[in-house]
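Visitor: Sequence:
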Amino acid sequence: MFSPSPNSKPRPRSFLALLKRNPTISKEDFSNHWVTEHAQVVLPYFLDAGVESYVQIHGPLSMSSPASLDSNPNNPIAAYRKKSKLENGMDALS
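Residue numbers (full-length UniProt numbering): 1 to 94.
One or more of the hints may lead you astray.
Simulated restraints on C-beta separations [unchecked claim]: (1) Pro12 x Pro44: 18 to 26 Å; (2) Thr36 x Leu16: 17 to 25 Å; (3) Val41 x Lys20: 15 to 23 Å; (4) Pro12 x His38: 26 to 34 Å.
Note that these hints are calculated values from the structure, not bench results.
Idealized CB from N, CA, C, for every residue including glycine.
Please put together the full structure from these sequences, using the hints given.
Guide: Below is the structure:
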């Protein structure tokens with residue numbers, strides 16, 4: 001049976017969500033909403049819950065031809081990393 005040492009930290013958990021854009025919404029509007037509005041709504045909850053990393057990747061993803069994240073400037077990537085509640089807070093979005 002595994003017994004963690006008293007000084008060990010719990011292992012981080014990962015959650016992944018793949019979202020499909022409603023075809024009636026433009027790609028630009030969809031990305032803009034998730035990067036600006038959604039991120040600002042969820043960040044306070046994530047900080048309170050101790051989430052250490054929140055990453056959004058917007059772009060064509062394909063098993064046959066993986067997209068380079070830097071290849072298209074119209075595919076924004078938003079990554080918010082929590083250093084500490086006091087250090088980042090809501091400033092992570094500015």
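Visitor: Evaluate each hint against the coordinates.
Guide: Okay, the hints, checked on the actual structure:
1. The beta-carbon spacing between Pro12 and Pro44, approximately 20 Å, falls within the hinted interval of 18 to 26 Å.
2. In this structure the hint that Thr36 and Leu16 lie 17 to 25 Å apart at CB holds, the actual value being about 22 Å.
3. For Val41 and Lys20, the hinted distance range of 15 to 23 Å is satisfied, since their beta carbons lie about 20 Å from each other.
4. The hint said 26 to 34 Å for the Cβ distance between Pro12 and His38, and at roughly 22 Å that hint is violated.
Of the hints listed earlier, the one the structure fails to meet is number 4.
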